[in-house]
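Q: Put chain B on the given structure of chain A with help from the hints.
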Amino acid sequence: MKRLFLLGLFALATAVTYAGGYRVSLQGQRGLAMGHTGVAVVNNAELAFFNPAGLVFLENKINAAVGVSAVFSDVVWQNEEFGQMARTDSPVGTPFYAYFSYKLSEKFSVGLAAYTPYGSSVAWEKDWAGSHLVNDIELAAIYVQALGSYKITDNLSIGGGPIYVSGSVNFNRNLTRSLTDLEGNRSNVTVDASGVSAWGWSAGAMWSPVDSLRIGVNYRSEIIVKAEDGDADFENVPNSPLTPFQDTTFDAELPLPAELSVGVSYQLDEKWLFAFDYNRTFWDVYESLDVDFANPNIPDSENPRNYKDASIYRFGLQYIANETFTLRAGYYFDESPVQSGYFAPETPRNDSSNFTGGLSINVTDKVAIDASFLYSRFEEINESYDYYEENGENVPFEGTYKSSAFIPGLGVTIKI
Amino acid sequence: MKNYFKYMAILALGIVSCEPELENSIEDADFYSSGEADFSNYVALGNSLTAGYADGALYISGQENSYPNILAEKFAITQETNGFTQPLVNDNIGGLLVGGSQIAKPRYVLSVGANGPVPGRLDATPTTEVTNKLEGPFNNMGVPGAKSYHLKAEGYGSIAGLQTDPPSSNAYFARFSTSESTTVLADAMAQNPTFFTLWIGNNDVLGYATSGGTGTFQTNNTDVRSYGPNDITDPNAFAFFYSQIVEELAANAEGVLLNIPDITTVPYFTTIPNNALALDAATAANLTGFFQAVAGVMTQVLMQNPNVTPEQAQAIASQYAIQFNEGANRFLIDVPVTPTNPLGFRQMTEEELLLLPIDQSALAQGYGSVVLTQEVGEVLAILQAGGQPSQQQVQTLFGAVSGINDEDALDVEEIQNIRTATTAYNQAIESIATNFELGFVDANALVAKLDSEGIAYDGGVLTSAFVQGGAYSLDGIHQTPRGAAVIANAIIDEINERYGAEVPKANLGDYGTVTLEQNVQ
Chain A
1258 MKRLFLLGLF ALATAVTYAG GYRVSLQGQR GLAMGHTGVA VVNNAELAFF NPAGLVFLEN
1318 KINAAVGVSA VFSDVVWQNE EFGQMARTDS PVGTPFYAYF SYKLSEKFSV GLAAYTPYGS
1378 SVAWEKDWAG SHLVNDIELA AIYVQALGSY KITDNLSIGG GPIYVSGSVN FNRNLTRSLT
1438 DLEGNRSNVT VDASGVSAWG WSAGAMWSPV DSLRIGVNYR SEIIVKAEDG DADFENVPNS
1498 PLTPFQDTTF DAELPLPAEL SVGVSYQLDE KWLFAFDYNR TFWDVYESLD VDFANPNIPD
1558 SENPRNYKDA SIYRFGLQYI ANETFTLRAG YYFDESPVQS GYFAPETPRN DSSNFTGGLS
1618 INVTDKVAID ASFLYSRFEE INESYDYYEE NGENVPFEGT YKSSAFIPGL GVTIKI
Chain B
729 MKNYFKYMAI LALGIVSCEP ELENSIEDAD FYSSGEADFS NYVALGNSLT AGYADGALYI
789 SGQENSYPNI LAEKFAITQE TNGFTQPLVN DNIGGLLVGG SQIAKPRYVL SVGANGPVPG
849 RLDATPTTEV TNKLEGPFNN MGVPGAKSYH LKAEGYGSIA GLQTDPPSSN AYFARFSTSE
909 STTVLADAMA QNPTFFTLWI GNNDVLGYAT SGGTGTFQTN NTDVRSYGPN DITDPNAFAF
969 FYSQIVEELA ANAEGVLLNI PDITTVPYFT TIPNNALALD AATAANLTGF FQAVAGVMTQ
1029 VLMQNPNVTP EQAQAIASQY AIQFNEGANR FLIDVPVTPT NPLGFRQMTE EELLLLPIDQ
1089 SALAQGYGSV VLTQEVGEVL AILQAGGQPS QQQVQTLFGA VSGINDEDAL DVEEIQNIRT
1149 ATTAYNQAIE SIATNFELGF VDANALVAKL DSEGIAYDGG VLTSAFVQGG AYSLDGIHQT
1209 PRGAAVIANA IIDEINERYG AEVPKANLGD YGTVTLEQNV Q
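Top line first, the protein sequences correspond to chains A and B. In short: position in the first sequence from 1, add 1257, done, that's my numbering. In short: position in the second sequence from 1, add 728, done, that's my numbering.
Bear in mind the hints are in silico, worked out from the structure with no lab data behind them. Since the model is a prediction, treat every value here as computed from it, not as a measurement. Wrong hints could be hidden among the right ones.
Claimed, not checked - Straight-line Cα separation of at most 20 Å, SDA-like style, residue types lysine to any residue; simulated pairs:
id : chain 1 : residue 1 : chain 2 : residue 2
1  : A       : Lys1383   : B       : Ser1118
2  : A       : Lys1360   : A       : Ala1628
3  : A       : Lys1364   : A       : Glu1492
4  : A       : Lys1528   : A       : Ala1628
5  : A       : Lys1483   : A       : Ser1558
6  : B       : Lys1233   : A       : Asp1384
7  : A       : Lys1383   : B       : Ser789
8  : B       : Lys1233   : A       : Phe1339
One chain only, chain B, in its complex shape:
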């Protein structure tokens, strides 16, 4: 018996002695270097992008592929760290429950239908109960939905606040906040981070953008409590809060700040072309005829007003004589009724954008152009015959025009508001980074590059194209794991440059993109 143990011991020795070792193993302590940075306790602050939210939901594998988690894995190879914890949800379904009632939907997956692959919500019930509070602390302090000033908002992680109408707190933070009154920043600071990343401010314009610009661009109003959810944060208020957050974080830690991408280049705003009104020659001619009729009738209507000269009437009405051509035509969009645009619609201009959730079957039925009913046809027949339509028939004619609603599109002015705010935020972020001598990543340039030429990797080119491009998840806004790896690599580049570190990068091809699944709602 003893001999067998001896024999086993010799064999074991053989195994040990034969374990191959590399001359320069990456496991050697000095192989990589953290330079002047110290990653032993890395804390990530931000919103959904930081949390690993993707496909319209927060789910485990998305969290595992969040850019902070990718970074932390590389940090752990570079130096000894205390690990990196995340407030993982309960499943890969996504969605949230509060007291058993669903308040956030399951994730999108890509399913193949009769017309090819389309995103759909997974047909499953969320199991993540917000009131089952998690025991922290958590290195990933990314809170989906958070705006800049929310990081300093007391009670933002309150369970009770979820019950008010509208809720005064954030369900994602409420899952793991350390108290009812704490702030995101306070919970982050309590961990004494040695290193941090901060990517906040996206939601300060995103709510406005995804609502189709229905909110207000707040300027010269720093009272953020007065803001609606779809408002754009006053750039002065943004700079004020952002600077305060960074001041606390940078007091005892190095870190990297990421600026705000121009959200209008992500698939949520670029997937549905505004000239998707495809017409054959006959339909184009019909539509042109219809709008000539509208212009003609409008001229008559305007001339009934004694204060309007025939020339003025013609000038105003002529804007409605819209010419349609065979092939692609831009949709019509509703605009406010004004004396110069009394019917309140116009054709979209080239740079204007339609939003991803727009009802595409409605577009096929005349939404964005004209809903030609039988009654409308009758009115047109009267006009063609040289007859005089009644007032009601005029209303029928005008009412047939179905412009795109404000919440389904971003018009020129709204796009300008988004860009103005983003530019102002980014100026603030960059100058704050300079002031505090922190790392700075131009995430805006990265996102612009995804949109223009794409980012090459060993398995192809990552672009902002919806579904196919690989960078954006099925909600059209948040990154896929591969997109998150792009962000992580940009941060690593900056860390290596600024802090004289040597942190290895992520191999983009090892990270996934969209998830396929047929089981959809």
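Here chain A stands alone, though its shape is the one from the complex:
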């Protein structure tokens, strides 16, 4: 029974994550519980993501951290003028992470990391009012990274390593607002590509000017995932030379933008730790989602996105209650990269205020259970996507959106 349950859970664990742009900050339960800070926090193997330079500061020889979150995220949309409403019924996303580090010497540690910083899973009701923009999308990217962490001096270290990305996308939408086949079924296309790989890197540095203060910086490079010869499957297309949409292949590019993090942490006393991180995500690179169909009779699909670089401000604190319990809380403000007029329902994201909390339970000296939760609060917003074209005219798709996300997470930290 237990196995069945786990199987059910992991059947969904396709590294798919929640809506809201497609950056998903869930790369460690301890960090997340503190507002997803960590570039200047030395805590456990989560450093492999937050700042590999810090791995060498971990006390134990072997460190590991694994975890998974369950993303319950949905969006409601309505248009008052036309009395239309739709809700997403998105599958539960289950982003995960697994980090491992090994101290080769006092000055050098190596590590291995797997995590899912980008992804999206949004499923609207089939043929809803915005179905010409998206019916459903599943976007996943798994990062696998080899790491080295080197202590230059007792209070300064650097770290980093190459990243291998394996990505997949499955995206369905209707061809227009009204095209149907003879039976009245809406014509639609599914583009699907998986096993798309790409390379990148990350590097960081950590410095402790005084014992109680750490300063960290980490940079993760931009990675452009290029899908080539993916499958484009056209369904319910009228039997007519005027609609020459036959199944074909496609090429498309999706950028996974670079991210710079800088932060500080301050150890007030044996019990209290404060952390502040600033993230800058270089979303400018995401100008347009262009799908280039191999069949020359099928017009390519160009979808301006015009994202802008965006900042996230993170605050976290940790309180060590006793030998068994450690409590954490945090807050972050997440600025949306989506500009007004480009609010596409496949990533219906506006600015959000995020509240986090969590705890660790030291089961033994070596094993701790880490739990966290995240509640993302989005303001209701009136927005539109203005760049859908029909008969050469831009036809805005507008309405009121409201998103919410509730994300419990569970992990294990091991130090030997």
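A: Frame of chain A; chain B shown alone:
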């Protein structure tokens, strides 16, 4: 095991708590308002336009996009309703069977042939058997083919009546009538509607119009049983029946009346131009020469009559000396033979109309002008040589003229009849709406606007142009889903105005137009 359920329950709680809610959700009971109207049981009465008939047939997706169904969807957002049922046919093919024999054809679809996209009948066999009666009641009481007085005609939904020759009942109504003897109105009233729309009267002129005006404009004859199918209903009879229908409907319900559009502006009558006779200079000169010959011979023929003076003969015959020019020329049309027009044809005038089903390949072969055979050429040669044609050769010459038949065109008088009747009907409808304090939609103005400037929406402009315009289906008369949404929105505007309601409108761009399909007969 128990723990897992607990865990699941907590997760489920998480889902519930995270369901986003809008501050002012349109699902809130008081978001929209039905005002003084009550849409809990909306019944739509009318003809094919109400039934969702399109592309020359009744089929499911057309019914789903009927203006009453669009309205009902918006009503259901506005207040709690009892739902809206329609007598859906069996397929998206269209057409009807009675006892297995086809009595109505499949729908038109747009197929691309050698000369571009043209409408054609879908190559499929209808599966809707009229004698498989549907269990009602149905909120959409639109009956294709119904005229005003048919709503009160007993036996109009009789299965047995379909077997008589000509049929005394209507197959579309027979599918879902509650009894052999019932009337459309009685079946509607039995549902105790709280709200109704009525759009009836179009067919009271349409049969006349689509027959090319072959019927009679009935005036001062209120005995509708004596009418032929292509007659125009006497406006007095129309007003009488219409008023009776409304009196019953309005007794316990609010509602909206729609008037009758001037049918002559729809694509069925406006697509084929009457000046589509395109000639090069040489052919134009030949034709001009031919008709000069006709006029000349006619003068001689007339002068053989001792009662006709040479001046009179010349005056009469000169009407046949028709001048043709390089470029576009109007077709010739057959008219009754009279002493002043002994050959019974003339050139069409600017406002006269050709009907959509006219045989266009025949037009290219001389239908509407002259069929120049070898024999005709020989006669012309004799005339040119100054010879005297025999009587038979004169007949050959005159017989070469091939005017457009009455059933393929609407002439000035026929158009006038249609307009006179439509105007009279509309006066009656508007005054009845006023008398019963009901909503009134000027569908005539809407259709006129589609024809003149079009109706703008977020994806372009909807016009009455055939195929391309988007408002009319491939039969050239009935609306597309997008055209039906225009009607629904006009009704919503009127409801919001008159009944102080706030009913949301339909987004025109979400509704389709013509259907593409290559599989045609």
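Q: For a quick check of understanding: which of the numbered hints are violated here, in increasing order?
A: Going through the list in order, the structure violates hints 1, 2 and 3 and respects the others.
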